[in-house]
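> Top line first, the protein sequences correspond to chains A and B.
Residues in the first sequence are numbered from 1 upward in steps of one, following the working numbering.
Residues in the second sequence are numbered from 1 upward in steps of one, following the working numbering.
The set of hints was computed from the structure by calculation and includes no laboratory data.
Ideal Cβ placement from N, Cα and C applies to all residues, glycine included.
Careful, some of the hints might be misleading.
[Unchecked claim] These stretches of chain B come out as covered by chain A in the derived footprint (C-beta under 8 Å, 3 or more residues): (1) 15 to 23; (2) 39 to 48; (3) 123 to 135.
[What the hints assert, rightly or not] Here are the computed distance ranges between Cβ atoms for each label pair: (4) A/Arg-138 / B/Ala-14: 54 to 60 Å; (5) B/Arg-157 / A/Val-185: 57 to 63 Å; (6) B/Pro-181 / A/Ser-453: 35 to 41 Å; (7) B/Ile-191 / A/Gly-428: 33 to 39 Å.
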Amino acid sequence: MDQMFTALLAIFQWDNALIMVLGTFIGVVIGVLPGLGATHAMAMIIPLTWKMDVTPAFILLISVYATSKFGGSLTAILFNIPGDNPNAVTLIDGYPMAQNGKARTAIAASAGVSILGGLFSAITLLAFMPVMYWIIMRFGPAEFFMLALFGLSAISAVSSESIVKGLIGGGIGILLSTIGYHPLVGQARFTFGTMFLEDGIHMVSVILGALAVSEVLKLWMEGSSIAGEGVPLSGSYKEGITAVFKNMPLFIRSSLIALVVGIAPGAGSMVAGFVSYASAVKTCKNPENFGKGDVRGVIAGDTALNACQGGDILPTITLGIPGSNAMAILLGAFVLHGITPGPQVVKMKTDLVYLIIFTVFIAHCISVFMAVSMSGVLEKLTKARAEIIAPIIIILCLIGSYVVREYWQDMMITTMFGIMSYYMKKHGYHPIPLVLGIVLGPIAEFGFFTALSLSDNGLWIFVTRIPSLVIFLCTLAVIFWPLIERIYKRPQPA
Amino acid sequence: MNSGSGAEDRKTTATELKGLREELWFILPFFIFSLYLFLGSFAYKVEASTVPKYAGLITAVLTGMRLFYICFPRFKIGEFSQDGLAGEFDDMKDEFEEETLKSHYKQQGKQVTFRDETKAFAALVGSFFFFLLFGYLVGTFFVIVCTSYYYGYKEKRAILINLVSMYILVYVVLFKLLEAPEHFGLILEPILRALDFI
Numbered sequence: 001m002d003q004m005f006t007a008l009l010a011i012f013q014w015d016n017a018l019i020m021v022l023g024t025f026i027g028v029v030i031g032v033l034p035g036l037g038a039t040h041a042m043a044m045i046i047p048l049t050w051k052m053d054v055t056p057a058f059i060l061l062i063s064v065y066a067t068s069k070f071g072g073s074l075t076a077i078l079f080n081i082p083g084d085n086p087n088a089v090t091l092i093d094g095y096p097m098a099q100n101g102k103a104r105t106a107i108a109a110s111a112g113v114s115i116l117g118g119l120f121s122a123i124t125l126l127a128f129m130p131v132m133y134w135i136i137m138r139f140g141p142a143e144f145f146m147l148a149l150f151g152l153s154a155i156s157a158v159s160s161e162s163i164v165k166g167l168i169g170g171g172i173g174i175l176l177s178t179i180g181y182h183p184l185v186g187q188a189r190f191t192f193g194t195m196f197l198e199d200g201i202h203m204v205s206v207i208l209g210a211l212a213v214s215e216v217l218k219l220w221m222e223g224s225s226i227a228g229e230g231v232p233l234s235g236s237y238k239e240g241i242t243a244v245f246k247n248m249p250l251f252i253r254s255s256l257i258a259l260v261v262g263i264a265p266g267a268g269s270m271v272a273g274f275v276s277y278a279s280a281v282k283t284c285k286n287p288e289n290f291g292k293g294d295v296r297g298v299i300a301g302d303t304a305l306n307a308c309q310g311g312d313i314l315p316t317i318t319l320g321i322p323g324s325n326a327m328a329i330l331l332g333a334f335v336l337h338g339i340t341p342g343p344q345v346v347k348m349k350t351d352l353v354y355l356i357i358f359t360v361f362i363a364h365c366i367s368v369f370m371a372v373s374m375s376g377v378l379e380k381l382t383k384a385r386a387e388i389i390a391p392i393i394i395i396l397c398l399i400g401s402y403v404v405r406e407y408w409q410d411m412m413i414t415t416m417f418g419i420m421s422y423y424m425k426k427h428g429y430h431p432i433p434l435v436l437g438i439v440l441g442p443i444a445e446f447g448f449f450t451a452l453s454l455s456d457n458g459l460w461i462f463v464t465r466i467p468s469l470v471i472f473l474c475t476l477a478v479i480f481w482p483l484i485e486r487i488y489k490r491p492q493p494a
Numbered sequence: 001m002n003s004g005s006g007a008e009d010r011k012t013t014a015t016e017l018k019g020l021r022e023e024l025w026f027i028l029p030f031f032i033f034s035l036y037l038f039l040g041s042f043a044y045k046v047e048a049s050t051v052p053k054y055a056g057l058i059t060a061v062l063t064g065m066r067l068f069y070i071c072f073p074r075f076k077i078g079e080f081s082q083d084g085l086a087g088e089f090d091d092m093k094d095e096f097e098e099e100t101l102k103s104h105y106k107q108q109g110k111q112v113t114f115r116d117e118t119k120a121f122a123a124l125v126g127s128f129f130f131f132l133l134f135g136y137l138v139g140t141f142f143v144i145v146c147t148s149y150y151y152g153y154k155e156k157r158a159i160l161i162n163l164v165s166m167y168i169l170v171y172v173v174l175f176k177l178l179e180a181p182e183h184f185g186l187i188l189e190p191i192l193r194a195l196d197f198i
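Extracted from the complex, chain B is given alone in its bound form (with noise of 0.2 Å):
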């Protein structure tokens, strides 16, 4: 029973410490980037270096503490785990979710794991890329067909109707009706501009 609990309690730990480690991809660019701003505010006048100042310099130690628990659990320092005050509706919310809903209704949300997230975060940048290098105009078209297939969505008559409909939304509502910026990206503008398309 006694080895049960304790396989459970390292467990709990592991866990916990991989959670700690994930935390540092982004704690550890805001240490640096506070801290960045808090001494690269020095050299500006008063005015204009009062607030990255002393917004740094608490942001930099606040983050600090964080990151120097997260290097070291077992000193607790940093461990920031002080409700705030929506805590307690959440704890009514929580404890009557648990009672009430969980027999009505199961969350059909799947266990994320890290496969999930890196391939939502390719399909995020891909995106990004799509529109960088071809612009919104086109790009739509690349991250609609592309992002379907590459969760491996194929259903054509789907993807069809969502293309219709996206082109009419950006092209004829945002380009053509609301004027937005013609923008064709980094590969295609110069292409267009050779051909005199633009």
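So here's chain A without its partners, still in its complex pose (with noise of 0.2 Å):
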């Protein structure tokens, strides 16, 4: 309960209450850049957070983050442009109520929405904390190494082009995080004598190169999209509201679809955005009307889009587990600002969860009237162009990877990883399990060996103590289950 006011204080201090905002407003903006969403945001942002102090920075880094969503409806529902590829579902609906004289009803609801979905978030987080705190108290070194492993396999497994694939990235990642000094025997591996590889290859050039830079580049490849001529502002705000809370079911099934799509590692937000949507479709009466302008179709994806965000940072920072790109890129803050990912997180830094939290939904509510009442700059910057945009982005992630330690090589690794990670995009291999591998592969080595100095038999220590030996089953079920599914699901023969 301390650590929740000291979050609560923390975020109210004028210094960091001015960060938040000013995070909303380059969440918002970025939003609004067609192409761009939270992982270019928060790509951009590492740079600035170097040299913050961990409350600020992860203030700065989460508001971006939460906020980028709100920006892309806005577009998609005056523009028939998604801000970020999510907001598409927004479109849907959005766009045609727009063309109907009902743009601020749109906007409205998708505002609600949004404020809604953030609490929602927040709530889920807030809920599931305690339960995740009592089950983390109880991990030792062992669970350290299983969790680690699990993570792994989870996101290979869940990977939706090939779980093979996936591992190879995983296994590319381990392999390295083995560059440098090892952590118990300090003996250097694979250093060739260079003093940059002594240090091991950082983590955040990685994740820059392959998860922003690699955007970028395809923001070259493709060209920005123009946005056309927007529809004139008409409606009523007040009826987007009103309906908002008239389809308070309908939000509340978004809402749990979106928190289950979220935590599975590797959907995303797109996804809850477009089975929630199906959903509605399903389900709600008249479904004929959507697609032609009806409310409900903003409110479904909408809420999902929003309300996917706690389940999308929960297993992040309870289990070092990113459900998407800018997940990855928050662990990779964590690790810059010297924290351990995963379940230490939540061990030693419990009023940083906290804060994590509380910035998702007051930044939700910020980015609402920011969005709202700019809306007619905010127009303006649909027309930039990828030309421009695209210099910025990779400016600061240069400046990014090589702050950290000052190493000119860091710069070539990000270079390389963004040329490389978009070829394996291109061929089905996310970059996702080779950025969790450099995360994850030093937590596993250094759990493996300090459970094994603490066993008295050796590597049973892993299957003799509950919680090992239930996250090792997981980890067995997640690999092998859709081996499982297809035995299960053969055809009888007649």
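Assemble the dimeric complex from its two separately framed chains, guided by the hints.
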């Protein structure tokens, strides 16, 4: 309870409050820019947080992450251009509503569910946190090792393209993490006598390259989506807010769907939005109205986009398993600030966890007022071109990777991983397992040897401790589930 | 009809083969890297060698299988087509996207060609070299101006706004306020030192 109050007090200090407003502004602006989303926003912010204290740094990062969705919805409604890919679900009904003279109603509905979705995310995190805290306090080195193993297998197994391709990515990530000094015996590995490699490959450089630079390359290749003529702001805000409260069951259903999809690693907010919308079409009355400017479509889609943030953040801060690219960048931010990601965050930095939770909700509220009041100015930003946006992100990513250790080689790593990840994604290898391998590799290695040094009977420690055994069984289930499912679903001969 | 379908099949196969050849560019380095770390790990103490040994072995086997598939696709070994659990969510999304979204919104992103790819890679590598040679404080300006012109974007006002905003962000906020490290690159630093500017 004390930690909750500490977190709240920290947020309301004037300098932190100002940083939250700044973060919200950046989040909304980047959300509005076509083709850019939370991942780019967080990658751009990383160099700015490098010298900050932990509290303002995470307030800035989380407020940017939480608010980029609403900015994207605004452009989807007014210009038929989703700010980020997940916002595509908003334009199905949002843009026809705007064309029918109900732009304000759609914006108000989107804003309403954005605030409520943020509230749902915060409540979800608050509800789960004591349970997670209770579980994590029973964890020892054996469980930390098993958890890292589970994280790696889970992210690979759920990756949509291919399990084995995910495992290859994870394996390369682990191998990269072994370069440099061993944490326990202090022996230098695979360094070729260079000082740069003795310090290991820094995960921030890899994360920025693999997740942000590769996306910028795509932006350069595809060119920017230039918004056409927008529709005038008409209709009533009140009608939109009323619609949200009238459709409370739909909001709750969409939020629950988003929570489940958000927790599943690799699924992401785009999937949450579409699954929620599809569910609304199947379960609501008069489904023929969907797609023609039905406010329920905006509510279902936007609720999911915002409510899935709780499910996205939860495994990231409690288990160190990111559900999305943006969350993988958050893991990098933990490392940048000297915090070991995963259960240690809940154990040692409980106040930071509450800070993240409260920031999610408060930033959502600020973003709505900011975006609605600035919609005229934001309209101009939708016309920004890739040629102008892309260099800014590249510059900030290169600076971000340089300032951490002052090695020019880190910038080279970012550049290399940017190109490599572009090709990896193109051929069905998602870069998240690779990033996760680098993040979780050292945690797994340290946990493995610490557990062995505490064990009286060698490797048995990993299966004789109940929590460790449970995580181990979950790991096996996650890896072999598709195989079991295939056998189970095999068609019976007639 | 049949010949048309056959031609289409051949075209698909040709596209797939082209994709596989492209995959070779990162799978081969992955294979060599994992094999090198696996073999190299034998030189270290048990504690230091366990992880690279096992991770290297598993990754080398998997990438080796994939390499085999790239070289001999007809054998199907290393095809790795088993979807993950998120594949089901993705299928639901794709199915729905296909039905509903396409009628409302046409993706404006164009078909990316090899030329587009190499152009973007060149812009990225060029940006890295600007940073390497001139440092981030000066390199920032080169990156903005050169990449904009390289992509045929010559609107001076927008470029100037970009330059000013990046000057504020990089020089004022990062360098002055947040005390980011000084960096003038391989070319500029010796010159500035010789002139006693730094």
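> Now look at each hint and say whether the structure bears it out.
Evaluated hints:
1. Coverage of the segment 15 to 23 of chain B by chain A holds in this model, with 3 residues showing a Cβ closer than 8 Å to a Cβ of that chain against a need of three.
2. Given a C-beta distance limit of less than 8 Å, the hint that chain A covers the segment 39 to 48 of chain B holds, as 6 residues qualify and 3 suffice.
3. With a threshold of 8 Å between beta carbons, the proposed coverage of the segment 123 to 135 of chain B by chain A holds, since 7 of its residues qualify and at least three are required.
4. Restraint check, A/Arg-138 to B/Ala-14: a C-beta distance of roughly 57 Å satisfies the suggested window 54 to 60 Å.
5. A C-beta distance of roughly 59 Å is found between B/Arg-157 and A/Val-185, which places it inside the suggested range of 57 to 63 Å.
6. Taking the beta carbon of each, B/Pro-181 and A/Ser-453 are about 38 Å apart, inside 35 to 41 Å as hinted.
7. A C-beta distance of roughly 47 Å is found between B/Ile-191 and A/Gly-428, which places it outside the suggested range of 33 to 39 Å.
The structure does not agree with numbered hint 7 stated previously, though it agrees with all others.
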